[in-house]
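Protein chains in written order, with the working numbering: chain A, 2 to 431; chain B, 2 to 431.
Hints are not guaranteed to be accurate.
Which copy is meant is left open, so a pair is good if it fits within one copy or across any two.
Said to hold, decoys possible - Computed cross-link-like contacts, EDC-like style, restricted to lysine to aspartate or glutamate with a CA-CA straight-line distance of at most 20 angstroms:
1) K343 / D107
2) K24 / D264
3) K295 / D323
4) K343 / D317
5) K24 / D40
6) K343 / E126
7) K24 / D47
8) K343 / E94
9) K151 / D183
10) K295 / D264
11) K343 / D40
12) K343 / D274
13) K295 / D107
14) K151 / E184
15) K24 / E65
16) K343 / E184
17) K151 / D274
Bear in mind the hints are in silico, worked out from the structure with no lab data behind them.
Note that the structure is a prediction, hence the values are computed from the model and not measured.
Number of protein chains: 2
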Amino acid sequence: MAQRLDAREAGFAQAFAALLSAKREVSEDVDQAVRAIIDDVIARGDDALIDYTRRFDHLDLRPEDLRVRDEEIDAAEAQCSRETLDALALAKERIEIYHRAQRPQDSMSTDSLGVTLGWRWTALESVGLYVPGGRASYPSSVLMNAVPAKVAGVPRVVMVVPTPRGETNPLVLAAARLAGVDEIFRIGGAQAVAALAYGTASVAPVSKIVGPGNAYVAAAKRRVFGQVGIDMIAGPSEVLVLADAHANPDWVAADLLAQAEHDPVAQSILVTDSPALADAVEAAVRRQLETLPKAEIAGASWRDYGAIILVESLRDAIPLVDRLAPEHLEIETQDPEALAAKVRNAGSIFLGSHTPEAIGDYVGGPNHVLPTARSARFSSGLGVLDFMKRTSILKCDPGALRALGPAAIALGRSEGLEGHARSVAIRLNL
Amino acid sequence: MAQRLDAREAGFAQAFAALLSAKREVSEDVDQAVRAIIDDVIARGDDALIDYTRRFDHLDLRPEDLRVRDEEIDAAEAQCSRETLDALALAKERIEIYHRAQRPQDSMSTDSLGVTLGWRWTALESVGLYVPGGRASYPSSVLMNAVPAKVAGVPRVVMVVPTPRGETNPLVLAAARLAGVDEIFRIGGAQAVAALAYGTASVAPVSKIVGPGNAYVAAAKRRVFGQVGIDMIAGPSEVLVLADAHANPDWVAADLLAQAEHDPVAQSILVTDSPALADAVEAAVRRQLETLPKAEIAGASWRDYGAIILVESLRDAIPLVDRLAPEHLEIETQDPEALAAKVRNAGSIFLGSHTPEAIGDYVGGPNHVLPTARSARFSSGLGVLDFMKRTSILKCDPGALRALGPAAIALGRSEGLEGHARSVAIRLNL
Numbered sequence: 002m003a004q005r006l007d008a009r010e011a012g013f014a015q016a017f018a019a020l021l022s023a024k025r026e027v028s029e030d031v032d033q034a035v036r037a038i039i040d041d042v043i044a045r046g047d048d049a050l051i052d053y054t055r056r057f058d059h060l061d062l063r064p065e066d067l068r069v070r071d072e073e074i075d076a077a078e079a080q081c082s083r084e085t086l087d088a089l090a091l092a093k094e095r096i097e098i099y100h101r102a103q104r105p106q107d108s109m110s111t112d113s114l115g116v117t118l119g120w121r122w123t124a125l126e127s128v129g130l131y132v133p134g135g136r137a138s139y140p141s142s143v144l145m146n147a148v149p150a151k152v153a154g155v156p157r158v159v160m161v162v163p164t165p166r167g168e169t170n171p172l173v174l175a176a177a178r179l180a181g182v183d184e185i186f187r188i189g190g191a192q193a194v195a196a197l198a199y200g201t202a203s204v205a206p207v208s209k210i211v212g213p214g215n216a217y218v219a220a221a222k223r224r225v226f227g228q229v230g231i232d233m234i235a236g237p238s239e240v241l242v243l244a245d246a247h248a249n250p251d252w253v254a255a256d257l258l259a260q261a262e263h264d265p266v267a268q269s270i271l272v273t274d275s276p277a278l279a280d281a282v283e284a285a286v287r288r289q290l291e292t293l294p295k296a297e298i299a300g301a302s303w304r305d306y307g308a309i310i311l312v313e314s315l316r317d318a319i320p321l322v323d324r325l326a327p328e329h330l331e332i333e334t335q336d337p338e339a340l341a342a343k344v345r346n347a348g349s350i351f352l353g354s355h356t357p358e359a360i361g362d363y364v365g366g367p368n369h370v371l372p373t374a375r376s377a378r379f380s381s382g383l384g385v386l387d388f389m390k391r392t393s394i395l396k397c398d399p400g401a402l403r404a405l406g407p408a409a410i411a412l413g414r415s416e417g418l419e420g421h422a423r424s425v426a427i428r429l430n431l
Numbered sequence: 002m003a004q005r006l007d008a009r010e011a012g013f014a015q016a017f018a019a020l021l022s023a024k025r026e027v028s029e030d031v032d033q034a035v036r037a038i039i040d041d042v043i044a045r046g047d048d049a050l051i052d053y054t055r056r057f058d059h060l061d062l063r064p065e066d067l068r069v070r071d072e073e074i075d076a077a078e079a080q081c082s083r084e085t086l087d088a089l090a091l092a093k094e095r096i097e098i099y100h101r102a103q104r105p106q107d108s109m110s111t112d113s114l115g116v117t118l119g120w121r122w123t124a125l126e127s128v129g130l131y132v133p134g135g136r137a138s139y140p141s142s143v144l145m146n147a148v149p150a151k152v153a154g155v156p157r158v159v160m161v162v163p164t165p166r167g168e169t170n171p172l173v174l175a176a177a178r179l180a181g182v183d184e185i186f187r188i189g190g191a192q193a194v195a196a197l198a199y200g201t202a203s204v205a206p207v208s209k210i211v212g213p214g215n216a217y218v219a220a221a222k223r224r225v226f227g228q229v230g231i232d233m234i235a236g237p238s239e240v241l242v243l244a245d246a247h248a249n250p251d252w253v254a255a256d257l258l259a260q261a262e263h264d265p266v267a268q269s270i271l272v273t274d275s276p277a278l279a280d281a282v283e284a285a286v287r288r289q290l291e292t293l294p295k296a297e298i299a300g301a302s303w304r305d306y307g308a309i310i311l312v313e314s315l316r317d318a319i320p321l322v323d324r325l326a327p328e329h330l331e332i333e334t335q336d337p338e339a340l341a342a343k344v345r346n347a348g349s350i351f352l353g354s355h356t357p358e359a360i361g362d363y364v365g366g367p368n369h370v371l372p373t374a375r376s377a378r379f380s381s382g383l384g385v386l387d388f389m390k391r392t393s394i395l396k397c398d399p400g401a402l403r404a405l406g407p408a409a410i411a412l413g414r415s416e417g418l419e420g421h422a423r424s425v426a427i428r429l430n431l
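With the rest of the complex left out, here is chain A:
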């Protein structure tokens, strides 16, 4: 079972530091291969896409087959159950409402010197959304990536999704249509990332690429960064449940396992001031694992990376939470708001016993693309701002230039940039 740490015992600091620095990512060295694929797509365009799709996805395509046709999406929708489509529609609506509130304000004003200044936000021209094929092909992730882009006002959202042996997840296509995705291509891997970054005859290039993928996709995104923007590189997922003696151990156990079933390297941690709860949760995890379909994955995750940390008081837990900076933080205590207010580093917080993290994965409204592997110390979940950029604006009238010019000249000269100074001085006859 998961390891136990006790903050009241000697050696805790070291054990906690070891937990913090445990490497959960398997880093495959695929950079060589990825570089060759990208260069080939730049050189040969669609032909390279078709060759790699034959090799990796065992699928023969003509250039005109690269793009998924509307009739195929119609057919996919028809395959989905009404119940699931309704659930997707509810999710889409709630995600849209939450993200609309994130739309930023422009600012423009004129100060007492006569300087008009501020900024303007604009949407990116185009965005590419990578959706993995196979096991990790989640319709909910399509919504979480595409809806904020559309709320931001991105005119062209392009989805790529590999369809190994022609297999498509119908719900992924349905989610794409629901979210307003404009183009869908049945390509994946580093070749799809290269096509989005550099363009081919069939795939026009985009300004930014988002979405999760395997080691090849991640390496390709790192490599094309600069040519286009990219989102964060997602690591394995984690949850930290902070619970007191009043929490329901079965519910807590279910939440820990919901995280653990994602991946053998997912991490579920319980922090509690109640030794009785710790024992009860541990027993409940064991019991629930017996009937969980993904027991093998979840069991491995809990055994290898799970942890139960006992603290003297819940207040002592806050510095531990901040150092772990969990992607998901559930607070199942008597006064969750008071504890939440003290936390600095967490990707998302789920308050109270009736907010299992799975609600946030699907239909809560907030984004489920969140900073992993302690990066909540310095980054945020995906949002509307990731699909917009800010242009600063400055205008001096002649009086404003007279007021500010001498200081600019002085600073330019102090930095040895006489050309800077002269570009101001020439306008002031100085």
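Take the given structure of chain A and dock chain B to it, following the hints.
Quick look at chain B alone, frame taken from chain A:
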């Protein structure tokens, strides 16, 4: 002199595409060396810092000398002219006011289903600011990086700056104090980046590293990314001046040269609908180069990367501007606001003839750390948001969970994540 392109001539599309794809960055392959330095700092801490500082900066330090002392900053300030210190203070005040307006709003509300949701912004715990030594050691950049961090509320801002042979730029120390920098260390290169990311006995680690540097610093930042956050990797700087027949050719030429004097790989471009202005600017550039102290650098930049592009009408210029996505865009035309409103991609816009870009470099208020090398298509200049992160918050009451639960269960099952479904179902006795 700079190349001329004419949008009305055959072959323009190709020539413009070549201008867009011209590689201006010299990519040194320093990754091997940087990896070794970082590993050594992780292993040996201060000892490694001291060794590398001896080797690269020709400076012998004891551990207690790594940090710059308050008395040294006092002494540095005393060396600066009153005029320059006053100019710095004006710059700091204006940068602070501009960035205060960028502080984001938290959001929290309860919807009709009983779901309480929103988000909270918090400042990063600590930030490291890299300041180059030597020629590119700019006090204005200290302000542009440190002031937004302090406006964001970062409690601990740490500056590193190499001092080759013990040489310090007094204005850099004065600017650091003015901006509220909390700690200054006289270290540079990959070893300084490693110290900020991983910590040593003398340098506590930070959450994010910002600021420009040479190829070693850039490679080190890429390598520690993940362990800490980093800002964008800055490329060579550029300006695009959009001007009509009414613009003053001497002023335009001065602005083009102010950009060009930064770096032989800086890029200055004039786009105009007036052949007469094009000729007059070209002549003025030649004339002004004769007396410019940095004529060698500016002349090389103008010769190798400068361009004058003639367009039929100013409206035709907009798609070219958007494809170039310039770091700095000056609009010196009769109605600059109307043209600015049509631009999607630019890091910053300077409106009218009385707003030379140098004002924005120093005392305008907006940040001068801006997206280079066409990255304004997908990214923004430095701002307060770069020093904060957003935590999403979700709370369901029992009724809200009953309302949303079934949809979450359906979606969890549709994705093969039964554990997700069960974490909801167990609370609803489903």
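Query raised in the report: When no copy is named, should K343 and E94 be tagged within, between, both, or neither for a Cα gap of at most 20 angstroms?
Result: neither (31 angstroms within a copy, 31 angstroms between copies)
Query raised in the report: Can you tell me if K151 and D183 fall within 20 angstroms by alpha carbon in one copy, between copies, both or neither?
Result: Classified as within; 10 angstroms inside a copy, 41 angstroms across copies.
Requested in this report: Can you give me the call for K343 and D274, within, between, both or neither, at a CA distance of at most 20 angstroms?
Outcome: Cα proximity of K343 and D274: one copy only (17 angstroms, versus 59 angstroms across).
Report task. First find the shortest C-alpha distance between K24 and D40 inside one copy, then the shortest across copies, and answer within, between, both or neither for a cut-off of 20 angstroms. Result -> Answer is between; shortest inter-copy Cα gap is 16 angstroms, intra-copy 31 angstroms.
Requested in this report: Give the relationship of K24 and D47 under a CA distance limit of 20 angstroms: within one copy only, between copies only, both, or neither.
Outcome: Classified as neither; 38 angstroms inside a copy, 25 angstroms across copies.
Query - Within, between, both or neither: K295, D107 at alpha-carbon 20 angstroms - result: Neither way: K295 and D107 sit 47 angstroms apart in one copy and 38 angstroms across, limit 20 angstroms.
**Report entry** Within, between, both or neither: K24, D264 at alpha-carbon 20 angstroms
**Finding:** within (14 angstroms within a copy, 42 angstroms between copies)
Requested in this report: Pop the pair K343 and D40 into one bin, within, between, both or neither, using alpha-carbon distances up to 20 angstroms.
Outcome: neither (49 angstroms within a copy, 35 angstroms between copies)
Query - Within, between, both or neither: K151, D274 at alpha-carbon 20 angstroms - result: neither (44 angstroms within a copy, 36 angstroms between copies)
Query - Alpha-carbon proximity between K343 and D317, which holds within one copy, between copies, both or neither at 20 angstroms - result: within (11 angstroms within a copy, 54 angstroms between copies)
Query raised in the report: Is it within, between, both or neither when you check K343 against E184 at 20 angstroms Cα-Cα?
Result: Classified as neither: same-chain Cα gap 44 angstroms, cross-chain 26 angstroms, threshold 20 angstroms.
Query - 20 angstroms Cα threshold - placement of E184 relative to K151 - result: within (13 angstroms within a copy, 43 angstroms between copies)
When each numbered hint is compared with the structure, violations occur for hints 3, 7, 8, 11, 13, 15, 16, 17.
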